[in-house]
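Line by line, the protein sequences give chains V and B. FYI, in my numbering the residues of the first sequence are 276 to 500. FYI, in my numbering the residues of the second sequence are 44 to 291.
These are calculated hints, taken from the structure and not from any lab test. Take every hint as true, because none was put in to throw you off.
Computed footprint of chain V on chain B, listed as stretches where at least three residues anywhere in the stretch have a Cβ under 8 Å from a Cβ of chain V:
#, stretch
1, 179–185
2, 208–215
Chain B residues, not near chain V, derived (Cβ > 12 Å throughout):
#, residue
3, Y61
4, G65
5, D98
6, P144
7, L148
8, R277
None of these values were measured; they are calculated from a predicted model. Positions of the beta carbon are idealized from the N, C-alpha and C atoms, including for glycine.
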Amino acid sequence: MSPVLAAAAGVVRRDLLLAMRRKSEALAPVLFFVVVASLFPLGIGPEPDLLRRIGPGVLWVGALLATLLGLGRLFAADHDDGTLEQMALSPEPFAVLVLAKVAAHWLIAGLPLVAAAPVLALQYGLPADTIAVLVASLVLGTPVLSLVGAIGAALTLGVRGGGLLVALLVLPLYVPALVFGAGAVDANLAGTGAEAQLSLLGACLAISAFFAPWATTAALRIALE
Amino acid sequence: MGNRIVNWFRFSSPQAFYAPAGKMIPWFAAAAAILAALGLYIGLFAAPTDFQQGDAYRIIFVHVPASWMSMFAYVVMAAWAGVGLVFNARLSGMMASALAPTGALFAFLSLWTGALWGKPTWGTYWVWDARLTSELVLFFLYVGFLALQAAIDDPRRADKAGAVLALVGVVNIPIIYFSVQWWNTLHQGASVSVTRAPSMAATMFTGMIVMVLAFWMYAIAVSLARVRAIILERERRAAWVRELPEAA
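Next comes chain V alone, as it looks inside the complex:
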């Protein structure tokens, strides 16, 4: 393995290990997702038709907010103990290490959401093939949320009221992922096929995987100055 890949794998392994040691922190976003999704029927009413209609949107917005919860911790601990500075000084490209941290964040915060979504979708009475589309849209969409969210997390690093601020910065940027993601599930429910929306979601993923680490790195270097 080349040294760059080895360093990236090391970062991923370390972040996963840290998450395993503090499970409650890692589990909070997915529990939040489950609770929020369960509150909507209580607020709106239990009519199956209505729930099936709003299910895709509710689950997507829930996933979006749950991702937001974990963003504050993405760089904060490493910033406090100086690890982030060592990463910036290391001979390996900083952007690759940042991408590795974002990947680890997705494995910890994004993947459990994808796993929990089918169960919640059953509560909303979505049919089996629609659930498959929901899972596919979340598999493509939650990495976008992590990548774009990392920019906001880096910009607000060590800033007063960073937790609320990151929501203000990042949520408008989540609009395309939400529209395409929930749109894919809706399209499948309406019987028009979800390929177009899923392709666009994949395009969003490609663009953000290319640009977001670069912007995040720039923002982190500003914060470290």
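Since the structure of chain V is already known, use the hints to place chain B on it.
Here is chain B on its own, set in the frame of chain V:
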């Protein structure tokens, strides 16, 4: 005079820019006032009443310029932010910060006047249409920029962080716009397009363009005044600021 070469980079220093900016403000402010008076006269008196919408349509003489300038101001802001990141020039960051409140004001004005127009025309203040929604998201982006800059105490870091955010936003705006267009849109098609002749009376078109120029001049005048205030605030300990007659 001879062939004197003006070194434009001289004006990237806040000290060199402060005085010429002050001299330019009255000119742009006067241009804004004259153009606005002319544009409002054309819009409110000279332009004919629309046969479908009656006189309610006249809000477009404020609405359309506000929408255009809100988008234009964001691009200009991102351009200044980019220049600031590339050349590490302090004044560029100050220009971006000075433009942001004006842009946010235009975005808000555009939403507000759009709601006022929508009630008599569509029968509702708000519809979830592509252009309304993307204007709303643009307003949120402005608010995020302002909030980020307000939250960071060190002005240099605030400028740079704001610059990264503005550039990320400017890349995202087209994606947001096209994603939001996914919905079927209630909004009428664009009333002015570059590729075909305007679908409105010539006087209406003239009035609108004059109002756009008025808003533009206003934006320049206000941003220059604001950038002068920012310069004074940040350089308050510099000797040249202390020697200014207005600081004494």
